[in-house]
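Undergrad: Residues per chain, in single letters:
Number of protein chains: 2
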Amino acid sequence: MPRFRETKVGEILNQAVARKKILDKVRTADAAGKWVLENASDGIITSYDRYLAQQPQCSFGLTGVCCRNCVQGPCRIMPTGEAKSRGICGATAYTIVARGLARGIAGGASSHSDHGRHMAKTLLEVAEGRAPDYKVSDPAKLRRVALKVGINPEGKSDRELAKEVALKALNDYYRFDEKPLTWLDSYITPGRRAKFKHTNIIPTNLMQAITEVISQTVMGMDADPVNIIFGGLKTALADFTGMHVATDMSDILFGTPEPVATEANLGVLEEEYINVATHGHNPTLSDMIVEAALQLEPEAIKAGAKGIKIVGVCCTGNELLMRKGIPLAANQASQELAIMTGAVDAMVVDVQCFLPSLKVLSDNYHTRLVTTAINAKIPTATHIDFNEEEALELAKDIVRQAIEAYKRRNKDKIRIPKEKTKALAGFSTEAIESLLAAVNPEQPWKVLTDAIESGELAGVALFAGCNNQKVAQDEGHLTVAKYLAKNNVLLLATGCAAGALAKAGLTTPGAVEAYAGDGLKSFLKRIEEAAKPQYGLPLVFHQGSCVDNVRGLDLAVKMAETWGIDLPRVPFVVTAPEDMHEKALSIGSWFVTMGFPVHVGVMPPIEGSELVYSVGTQIAYDVFGGSFIFDTDPESGAKKLVDALDYRTWKLRIHRAAAEKYNTALASGY
Amino acid sequence: MPRFRETKVGEILNQAVARKKILDKVRTADAAGKWVLENASDGIITSYDRYLAQQPQCSFGLTGVCCRNCVQGPCRIMPTGEAKSRGICGATAYTIVARGLARGIAGGASSHSDHGRHMAKTLLEVAEGRAPDYKVSDPAKLRRVALKVGINPEGKSDRELAKEVALKALNDYYRFDEKPLTWLDSYITPGRRAKFKHTNIIPTNLMQAITEVISQTVMGMDADPVNIIFGGLKTALADFTGMHVATDMSDILFGTPEPVATEANLGVLEEEYINVATHGHNPTLSDMIVEAALQLEPEAIKAGAKGIKIVGVCCTGNELLMRKGIPLAANQASQELAIMTGAVDAMVVDVQCFLPSLKVLSDNYHTRLVTTAINAKIPTATHIDFNEEEALELAKDIVRQAIEAYKRRNKDKIRIPKEKTKALAGFSTEAIESLLAAVNPEQPWKVLTDAIESGELAGVALFAGCNNQKVAQDEGHLTVAKYLAKNNVLLLATGCAAGALAKAGLTTPGAVEAYAGDGLKSFLKRIEEAAKPQYGLPLVFHQGSCVDNVRGLDLAVKMAETWGIDLPRVPFVVTAPEDMHEKALSIGSWFVTMGFPVHVGVMPPIEGSELVYSVGTQIAYDVFGGSFIFDTDPESGAKKLVDALDYRTWKLRIHRAAAEKYNTALASGY
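Chains A and B are the protein sequences, given in the same order. Note that the first sequence covers residues 13 to 682 in the numbering used here. Note that the second sequence covers residues 13 to 682 in the numbering used here.
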């Protein structure tokens with residue numbers, strides 16, 4: 013099995029000079045981030061430093077063989093000696109590793125569950141007139157979603173329909189009828205439906221799936237690793253459901269993304285403006301921040317600024333980027349660096365992936381850190397309890413915090429890097445379909461599948477996941493992307509992966525010229541010529557925030573439908589070169605159950621069990637047609653992805669030849 | 013802060029001789045268990061050995077400052093150095109410790125949630141005629157519960173009412189109306205209702221509370237330890253709800269326990285009989301096993317046995333003990349020892365607290381290990397998927413496994429210890445009320461409250477919780493119980509605590525003579541004389557399995573109502589001298605929020621944060637009137653419990669004096 017990258021044991025560097033040497037090439041591939049770390053970090057401790065301070069990390073924890081699920085523990089499993097090879101209760105490595113993995117998936121699923129539920133509740137509030145600052149921005153999407161989940165939209169007003177759709181989405185969280193979750197069942201292929209039924213992993217209530225897997229993994233419950241993993245996969249499908257609810261509700265409330273051009277990286281911060289960084293995952297608040305900033309422009313000018321500039325961080329950043337063209341300042345690992353420019357007047361966080369260190373960091377500057385979710389606070393940060401009923405007023409309060417902070421700026425501390433780049437975003441699956449329809453209006457997705465069958469494209473890859481300090485920031489994303497592009501793989505991206513690629517200029521048309529292989533170039537050019545998109549076509553199609561990974565799944569389903577096959581035969585792969593969050597575990601897990609090869613670049617804690625490792629890499633393939641490719645070397649991982657695509661395309665061609673010979677449909681198995 | 017007991021670092025003993033020395037006094041206070049370990053353990057590795065093999069345990073894990081909530085981890089916090097005092101994300105010790113605690117509570121709550129839901133579904137199936145082998149065994153309890161939760165039972169058949177009650181219970185799991193959970197709200201005092209509302213910890217959907225706290229504790233969410241702990245307390249109240257549902261449904265289905273006499277400890281196994289040990293927590297299966305054993309008696313006799321003997325282990329054991337007088341063979345830590353007698357022909361487990369080592373252990377004997385729950389398997393054990401529709405038939409299949417195994421018994425390996433003792437059980441709160449009513453039919457609970465006010469009794473203590481290999485088995489329970497009894501505290505017990513006290517003969521009338529102080533003696537004698545209970549009155553009132561801790565809460569509410577005060581002023585304390593399971597964490601937490609001092613004898617992993625420790629021991633008192641007493645020395649812990657009771661009684665007397673002087677009601681605050 014591939015193992016961890018070498019870490020520099022005990023290398024704890026507190027001096028800036030020594031740190032610079034380490035940071036230069038090893039810690040980040042982001043030029044702007046590197047500049048900030050080199051020019052603005054004297055005496056400031058960041059997650060880059062804390063990573064080094066944590067070396068060496070505990071090998072029991074790294075490999076998943078430490079169990080703390082009861083007060084007898086912690087138990088740490090060693091392969092030698094019968095007594096040591098089991099925890100006090102008798103749990104062996106495979107039980108402990110599987111439990112840890114399943115609980116990690118539950119962590120991810122609960123995050124997306126809460127996110128989706130929040131969005132559905134917001135839509136319900138809109139429908140019931142309780143959230144006056146919001147509206148159904150995309151009635152067409154509302155109607156598409158309604159049809160998709162079995163609601164007849166005819167003769168219903170937007171409000172009536174919004175209520176019905178919102179309640180049906182909430183029903184996936186609260187119902188007791190033991191039917192498959194609507195937002196899962198409506199979006200998958202018949203083949204997957206049968207597979208999930210056969211393997212008994214269809215969740216019937218989103219929160220019950222999470223509760224059950226936690227219960228399954230307490231002391232003295234399930235010791236069977238395969239059973240536990242299947243419990244985890246059921247939870248992963250619940251995760252998918254919550255994500256799809258979130259994406260659908262967000263599109264209805266804020267609009268289905270369409271191609272938009274903006275800029276990315278820390279250089280988007282502007283000294284003359286009041287800079288408000290919105291950070292987290294939920295578009296509900298950030299959408300209002302944008303509106304509030306517009307309305308408070310005069311106050312900003314009065315305070316001496318040229319105006320208010322909203323920039324995005326992490327997935328809240330992606331939400332604003334793809335729908336409003338708001339520039340993206342940072343992805344996960346460079347959130348601290350944004351504050352270290354000295355030019356962020358307020359950082360507003362909602363939920364997930366913000367660092368608890370932001371407060372102690374912002375204390376070194378004038379930056380006002382504002383938390384807004386009742387279940388996501390940072391001690392001593394300013395907390396403004398955001399709610400949809402008073403959304404705009406609260407957003408104004410927050411923006412005014414930035415205006416006040418601006419007045420206290422220390423100009424000596426301002427160090428904004430020059431680096432920024434053009435970035436395209438907004439490539440929802442619907443937007444991609446429109447582009448393809450310019451070539452083939454009747455069967456838009458056939459443009460894509462034909463290109464794969466002809467060998468022009470090797471297939472499609474979706475970039476997902478985070479940053480992880482265990483590897484140099486963004487390097488994995490960039491390496492894999494460049495390799496795949498050269499090998500004619502059409503690239504989609506979400507979340508911090510999309511952020512990485514955007515910051516490096518890979519979501520631009522220019523990158524096509526620089527990195528795309530001939531097939532990918534000719535494919536994109538053909539579409540560009542037919543569709544004439546305003547901003548051209550980028551090398552990487554930015555699909556949104558991390559909940560928007562479901563857009564990739566929807567796209568793969570379109571391909572499967574076009575071919576008349578099930579997902580495990582579609583040349584579509586997923587890569588998370590820098591997975592970090594529990595959400596990445598759950599997303600990766602459902603992509604595997606959906607039937608796709610999933611490359612993971614940072615090892616999750618499963619290496620302590622050969623069995624669990626093998627279930628992920630091999631048994632999963634036998635059962636679901638998808639499997640994990642664990643490879644911490646990005647180039648090697650990328651090669652394996654291309655191999656996986658080639659294998660699928662090769663099989664497709666064989667099946668195509670057979671189908672033509674016997675005049676039948678394509679074989680749908682795998 | 014009190015710290016851990018000394019552990020014998022690195023002392024790993026594989027030879028029986030050396031082990032005996034260690035085991036003799038240090039590892040268990042149970043005479044039967046000691047005998048088995050000394051006489052039947054050659055070459056067999058048990059949890060007693062695995063505990064030693066795990067020494068030294070990781071101090072980061074022990075104190076809760078190891079975080080593995082994302083793939084960047086594990087991060088281990090050290091107090092020195094700014095970089096090391098935070099995880100890679102910037103989380104400090106208090107965040108990490110609080111997260112771990114909250115997730116532990118979620119583990120407990122999910123266990124009880126699933127248990128309660130299963131019981132409610134079974135009642136629904138009975139009501140709908142889908143579980144023909146079960147019935148409403150206690151229509152009076154059904155009606156009492158209906159009234160308690162706001163259902164009018166008048167004019168309804170048992171079936172109709174059972175359906176309504178079951179659906180209302182399930183509604184606590186599936187509803188979306190944001191009202192307080194029915195099974196919480198119906199059983200608490202007005203004071204607690206107001207307190208929980210004020211502190212915003214009332215759960216409105218049981219599984220949502222669990223999902224939310226998992227989401228609250230993912231990477232990049234809540235960093236505020238107090239906020240996280242309050243999320244944990246909300247989840248703990250969800251835990252209470254699931255437990256009360258479980259207890260109520262079990263009483264309706266299988267009968268509210270009434271005093272019953274039987275025997276306890278490993279000596280209850282009989283060589284001439286086919287011994288079937290039922291183990292786990294859920295009475296649904298075990299109830300059928302008892303019936304199946306009765307019906308299959310002829311087959312057993314044909315196989316050469318005198319008959320079939322059912323014995324209980326853990327809380328399934330307690331369920332059968334209190335309702336059917338089935339003898340209790342073992343509590344948690346001696347479950348392996350039961351198999352090591354060589355006389356257990358089948359061990360049947362349902363859910364929770366069974367050791368994964370049971371299979372490898374039973375492979376050394378003829379014992380057939382049968383798992384029965386789809387979410388709680390042990391690899392290579394016989395699995396029979398139990399369901400309520402075919403309950404009796406499946407139970408017969410299981411008992412037949414025992415009959416078959418009996419034929420393969422190795423007589424040379426049989427080593428049954430002589431130790432067993434009489435044991436009384438079945439002291440539900442209703443049963444205790446009946447006893448008290450013999451003295452005062454109008455106001456039965458006044459018999460108890462008067463005894464406390466007069467000083468005859470010091471108060472009431474409830475024993476809860478597990479065994480934990482970190483301390484000598486049962487020793488904590490016995491030490492605390494004897495100390496409290498001597499100090500005239502009325503004793504209740506549940507779960508493995510009750511098992512420990514039963515096995516040591518403390519649930520007998522004889523123990524009153526041996527251990528009770530004069531006040532407790534006279535109190536019990538007075539009731540005994542009035543009620544003339546068939547088996548006399550024991551020193552400790554065995555209230556059932558661990559979900560039945562809610563019976564203790566109900567009893568405390570009766571006391572509070574009698575006095576007209578809120579719970580934090582009732583001289584009622586809780587002790588878990590050997591807490592081990594995540595369920596113990598959640599139970600302890602809700603008892604604290606209910607307003608009681610809760611002694612905990614094995615440190616949960618919170619010592620890494622002074623703040624979290626102080627919230628549990630001090631802030632909790634200020635907010636809820638209850639708090640944790642962490643004390644790993646059982647006698648010292650017991651003293652603190654008596655002090656806590658004395659303090660409450662002293663205050664009560666002051667308030668009584670004031671109330672009499674001014675002719676008012678007792679003050680209800682704390």
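It should be emphasised that the hints constitute simulated quantities derived from the structure, not laboratory data. Worth double-checking, as some hints may not be accurate.
Pairs count within a copy or across copies, as identical chains cannot be separated in the list.
[Unchecked claim] Quick list of in silico lysine-lysine cross-link-like pairs, DSS-like style, CA-CA up to 27 Å:
{"id": "1", "residue 1": "Lys-96", "residue 2": "Lys-425"}
{"id": "2", "residue 1": "Lys-544", "residue 2": "Lys-180"}
{"id": "3", "residue 1": "Lys-96", "residue 2": "Lys-371"}
{"id": "4", "residue 1": "Lys-314", "residue 2": "Lys-533"}
{"id": "5", "residue 1": "Lys-209", "residue 2": "Lys-133"}
{"id": "6", "residue 1": "Lys-570", "residue 2": "Lys-408"}
{"id": "7", "residue 1": "Lys-133", "residue 2": "Lys-191"}
Undergrad: All hints are to be evaluated individually against the structure, with a verdict given for each.
TA: Here is how each hint holds up against the structure:
no.	hint	in the structure
1	Lys-96 to Lys-425	between (54 Å within a copy, 26 Å between copies)
2	Lys-544 to Lys-180	neither (38 Å within a copy, 59 Å between copies)
3	Lys-96 to Lys-371	between (42 Å within a copy, 17 Å between copies)
4	Lys-314 to Lys-533	neither (49 Å within a copy, 82 Å between copies)
5	Lys-209 to Lys-133	between (29 Å within a copy, 22 Å between copies)
6	Lys-570 to Lys-408	neither (42 Å within a copy, 51 Å between copies)
7	Lys-133 to Lys-191	both (22 Å within a copy, 16 Å between copies)
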